[in-house]
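In the order they appear, the protein sequences are chains A and B.
Taking numbering that gives the first Met the number 0, the leading residue of the first sequence gets 0, the next gets one more, and so forth.
Taking numbering that gives the first Met the number 0, the leading residue of the second sequence gets 0, the next gets one more, and so forth.
If you are wondering where the hints come from, they were derived from the structure by calculation, not from laboratory data.
Warning: the hint list may mix true and false statements.
Residues from chain A shown here face chain B by an in silico Cβ test under 8 Å; the list is partial [what the hints assert, rightly or not]:
| # | residue |
| --- | --- |
| 1 | Thr82 |
| 2 | His85 |
| 3 | Asn92 |
| 4 | Ala93 |
| 5 | Thr121 |
| 6 | His123 |
| 7 | His129 |
| 8 | Asp130 |
Think of the CB as a built atom: it goes at the ideal place given N, C-alpha and C, for glycine as much as any other residue.
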Amino acid sequence: MKFRAKIINKGFVELFIQVSVTIAKLTKVCVLRVCQDKLCFGPTGPRATREARLWCEVSRGAFYQFNMEGVSEELNEIYLELTSEHLSRAVRNAGNAASLKLQLTNKRRPCLTVAVELASRTGHTHLMVHDLPVRVLPRRWWKEYPEPNVQVSDVSVYLPGLRTLKSIVERMANMGENVLVEANLNGKMNLSVETDVVSIKTYFKNLGNPPKSALSVTQDRDPESMVQVWVENRKLLQFFEGQQINPTMTLCNILSNTLLHLVLVHEDVSLQYFIPAL
Amino acid sequence: MLKCEMNGSQVKVFGKAIQALSRVSDELWLDPSEKGLALRSMNSSRSAYGCVLFSPVFFQHYQWSTSMKMNDDDRPLNLNCKLGMKSILPIFRCLTSLERNVEKCKIFTRSDKCKVVIQFFCRHGIKRTHNVCFQESQPLQVIFEKNMCNNTLMIQPRLLAEAIVLFTSSQEEVTLAVTPLNVCLKSSSEESMDLTNSVYSEMSVDPDEFDFFQIGLDTEITFCFKELKGMLTFSEAVHVPISIHFDFPGKPMALSIDDMLLEANFILATLADDRSRASSPQSLCLSQTQKRSDLIQSNTKADKSGTSQAPECISRKTAPKRLYSRESPTNNPAGETCGNPQTKRANGGNIFEVPESSLSDTDEGPGSPYLRKAAAENN
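Let the sequences and hints guide you as you build the complete structure.
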């Protein structure tokens, strides 16, 4: 098994740092799946249906150099389990790095080696090397960490500005534990929280809907009708506070009373967060 | 009696010194003498000592006079002033605004009332007075012949700071490994061996980057990172290069900055080498005593103020392996092997190839206790 990847573009270095920090905030231990054309970060541990789950992909295009050799020819992938905090700490201060290299190494134990190259003012380069301990997962466990399947959704809508959303969700979190998220096919989305004494509802309109995919169900749904899902405010807040990426595209898919699926995309990175209904 | 005066920018440097010393311990000695005003601090485990000596020319105005009563052998008395960091640190908070607003700062002592008075004369006619009570306590002093060390490095603080920013902050101890051709800073190997789940980091600095580079002894010393960072911040603030003096593991090392106006020294204990005898406090103490007694003799001859009495030696009383106490890791993955140790070199020493046999081969499924706990904590 071999893996080596290098980023030399400053923008992608920053993006990778944002991805690492986001993952560290959303999941303590993550599984890094090295595929031929991308890196996937997913959660670890047994699947509990009540948990919110993260799935992040960084495509090969972000890397200047990307070489991998999987476990075998037919199963050309590598599954590594690591502590997300280690990765985020190792890259956190690398904003001015000339290059960032990831490599799977075997130094007394399997490690993901992160090498950050900084150019100093005297013309010398400083190379900082971190060996992050990883656990290489055997093939028979791979089925425990599947890629989330693309679910059918009842409605799909582009999200309003993330900063606005985050501050609204923060304020709502003070009011109640559960929030109702609803959207319709006319580009409208509402967030509401309700207690015995007060109810707050925020209306967003003119958000736009992504083009209908073949998977979306209920073609004959009235475009004005709202598709609803109740979720725990805490989980929603954790996502907005944790994520560090400045996405170019954000949208959410709602499966009525079942799932809230948030998607952020920025260049070669996509971040998905699945929050189950209450 | 101590009486001294500073302007705004001097207050900033003074405050920075206090901040650097606060990383060593919670107590600060104010030790004035004819040589100037010394600020001293030593931590409770006696593994770190810091001293910043401001010479009289640093201040706008400096006056030190001994009290009327002298002790038996005609040596003038010290101020013997010990302050809590908690009382004095907040006074020198927000140094940039202090620098801007303070026109004059007066510090004087009233030993009859055991008080230090710090007065800030600020813009717009505002005067701020702080009365800090002190405890009578003889300051501790450590004599360290840094010029006798085999290895000396001097570097511009900015360069070193840029280099060490990449070190992850979880590391308490770092190892400095030097040869005449190379200087390398890395995580202490003791730390990374204890926990299978810790990160090992390493970084080299080119000898050319140092203003002064003298390595007489190839060595690796391990010391506390926090104190290096503290001294580095101070050194950056004063724009003076920082010097590192050291020898073999176990012997204390010195971080110092030397300027016309001030001299700062941080003496740190280093981890003794396992292979050599366990750090023998006795011998270390003795040599210090000898040096000390020499110093005291010469001091009394020249009739200078012999400040300290029985300075403590820098060595740990017991021989623990750590500079700081550490709790055992709570989630030690007991039932888990992170790779089969026998296959270490099975692939012919090629560290860039991870053989399949290094896959975790425990019988436990994906939800091992360690991970289950982590996952449970996650949500």
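Hints, verified against the model:
1. Thr82: Because about 6 Å separates A/Thr82 from the closest Cβ in chain B, which is inside the 8 Å limit, the hint holds.
2. His85: holds, 5 Å
3. Asn92: The hint holds - A/Asn92 has a Cβ within 8 Å of chain B, the shortest such distance being about 5 Å.
4. Ala93: holds, 7 Å
5. Thr121: holds, 6 Å
6. His123: Cβ of A/His123 sits 5 Å from chain B, so the hint holds.
7. His129: holds, 5 Å
8. Asp130: For A/Asp130, the interface hint holds, since the closest Cβ of chain B sits about 4 Å away, which is under 8 Å.
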